[in-house]
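There are 2 protein chains.
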Amino acid sequence: MLFADLGARVIKVERPGMGDDSRTFGPFLNGRSVYFDFINRGKESIALDLKNDADRRCFEALVRKADVVVENFRPGTIERLGYSYERLKEINSRLILASCTGFGQTGPMSRERAYDTVIQGLSGIMSMTGFPEGPATRVGTSVADLTAGLYCFGAISSALFARDKTGIGSRVDISMFDAMITLLEHGVMEYVATGRPLGRLGNRHPYIAPFDTFQANDTSFVICAGDDELFVSLCKAIGKPELAFDELFLTNEKRTLNQALLKKTLETVFSEHDSSYWIERIGKAGVPCGAIQNISEAVEHPQVRARNMIVESGGLRMPGNPIKISGFADPKDRAVAPRLDADGLRIRREFGA
Amino acid sequence: MLFADLGARVIKVERPGMGDDSRTFGPFLNGRSVYFDFINRGKESIALDLKNDADRRCFEALVRKADVVVENFRPGTIERLGYSYERLKEINSRLILASCTGFGQTGPMSRERAYDTVIQGLSGIMSMTGFPEGPATRVGTSVADLTAGLYCFGAISSALFARDKTGIGSRVDISMFDAMITLLEHGVMEYVATGRPLGRLGNRHPYIAPFDTFQANDTSFVICAGDDELFVSLCKAIGKPELAFDELFLTNEKRTLNQALLKKTLETVFSEHDSSYWIERIGKAGVPCGAIQNISEAVEHPQVRARNMIVESGGLRMPGNPIKISGFADPKDRAVAPRLDADGLRIRREFGA
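If you read the protein sequences in the order shown, they are chains A and Z. If you use the working numbering, the first sequence corresponds to residues 228 to 580, in order. If you use the working numbering, the second sequence corresponds to residues 228 to 580, in order.
Fair warning: there could be bad hints in the mix.
Any copy will do: because identical chains look the same in the list, a pair fits if it lies in one copy or spans two.
[Stated by the list, open to error] Straight-line Cα separation of at most 30 Å, DSS-like style, residue types lysine-lysine; simulated pairs:
id : residue 1 : residue 2
1  : Lys559    : Lys392
2  : Lys467    : Lys270
3  : Lys270    : Lys292
4  : Lys239    : Lys292
5  : Lys559    : Lys239
6  : Lys316    : Lys270
7  : Lys511    : Lys490
8  : Lys278    : Lys481
9  : Lys491    : Lys467
10 : Lys467    : Lys481
Since the hints were derived computationally from the structure, they do not count as laboratory data.
Excised from the complex, chain A in its bound form (with noise of 0.2 Å):
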């Protein structure tokens, strides 16, 4: 989807019949799957069986012509269909193979099933999401599936850079379990430094105080005061201008040691007004916060209208492209994900096959 935004030519091949599985995944909206819908827009479709010989030949001459072929079967999976890469690169040695897979093409695991849950599980980060009274949390979206595919992008983008100095193509490894290992951040940052692993701290920074949610008299709203600076200008907007020269609070390291405490003060005063008169108080005086929003505010928020976050594709509204380069395109309106073999005839009789 991120290629075919920015303007490149993607085909995507589904087995016929059923085509791709995530054509029956939920939500449904006029009898179309919203989720397919979400992440097909602007591609092609032909449906090819590669174990059918005419279909092969089809395959191949896409193949011949074709810069990158990206999958996602499990590792063993294209090499048994005969399409391993040393086999793609006889066809055409200026293509790049992408896999994007659950643990990668090595290792012990490698040829393990994997579900977003099962590597967000694995990966560590549900053991760093959530309170520490409460369970390990799930982050509430497919973020493993999502980032794999995000490294998956930048990759064949740097794959295509480098076959533009060296003229050959190459093979490109993505692994959901990999890239949420990077994305752990202070969680492997507190191990590596203590030999203990960091549990779940709520809302609140590990290193940074205030940098937390807090309740008002309404609701929870976030404050992040990164600096003794943004500290100094919350107090005086909250008219506890004397709570700055606090012994307790002078420095981030003892705000952090006592954030307990500096939440409970804080909320003592906050309980006072609702989130949004706290809001527009401390974010006049330059120090960052801001509501929780529902995905409704979020999605119908100005910035994300200014911005041209939220595009239409036929007839449906979904997240628009955040890669915002200047000299590419960025419209409203997006090309409508391929019924199954929208394509076929088309692309079989422009590539002979």
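With chain A's structure known, arrange chain Z on it following the hints.
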């Protein structure tokens, strides 16, 4: 860091005196910021005061030869320093100027300050993370920072590839808020399909069951039975083949509708053994499942080791590079993050400034 990992020469331009703020971020080990060292491996450092004429000449000499300038000032700041994209383009028409900010270069919130948790709150991801009866929950890592960085990496790589065709550079504009909107997935799907925001679902999938965490007699573990076939395999593996024929659980739609009852039924079975027993049994049956590991278990995992996903830099262990491309080195040891201005003298000489 990703570009340095792929072999690019990366020169970090820092303000004299303090350098990058993140040099002061905890945790610390042997007097060095682990935070800074994690994300600056393989870079060179030069301290430049962009308000000093000699230093400006040096900066411009760097720009003249650079492929890419990456900056994350608030919008308006580089323009005030006299280095708008238009000006930089005059110095080097092939330059790619990439800006990575909280809200992007345009829109009503463009100039607001943002930290990760502010963006998490605004984006809606916190409203989707956590349990229905519990509070909105921060993803336990700086997912907005990191995702924006990943989009920036991919966007720059794409812009470099495009430049090989057009001969001219471009302006890349990435925002944390935009990036997070693209991660909301089922949240936005459900909202556009039904008009209602999707709330917090705990650890379960909104449209697939069983796809959740389950309590064994010691701890919780993950099962992702993504289709009917996997559900049948699961029922057999746990010695309850009759469950697969229960009218209430016959299809994924029914299992999702009755997921609370299904979870209770499964957990009654799981209470008889510990999670490792069940993970082995269920995994052997080919059903995706796994432990909820803490950070030390994740970091020390054999698959992580086999994929070289923990590397060393200056004696410090840190996450490796998940971008595995044939022909690109993926060494165990990485060059250490630079001291402030460590390469300043040499760079000034080299660029004749």
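Hint check results:
1. Lys559 with Lys392: Classified as between; 26 Å across copies, 35 Å inside a copy.
2. Lys467 with Lys270: neither (57 Å within a copy, 43 Å between copies)
3. Lys270 with Lys292: within (17 Å within a copy, 38 Å between copies)
4. Lys239 with Lys292: within (15 Å within a copy, 40 Å between copies)
5. Lys559 with Lys239: within (23 Å within a copy, 37 Å between copies)
6. Lys316 with Lys270: So Lys316 and Lys270 pass the 30 Å test inside one copy only (24 Å; across, 34 Å).
7. Lys511 with Lys490: within (21 Å within a copy, 48 Å between copies)
8. Lys278 with Lys481: Neither. Shortest intra-copy (66 Å) and inter-copy (34 Å) distances fail the 30 Å Cα cut-off.
9. Lys491 with Lys467: within (14 Å within a copy, 50 Å between copies)
10. Lys467 with Lys481: within (18 Å within a copy, 55 Å between copies)
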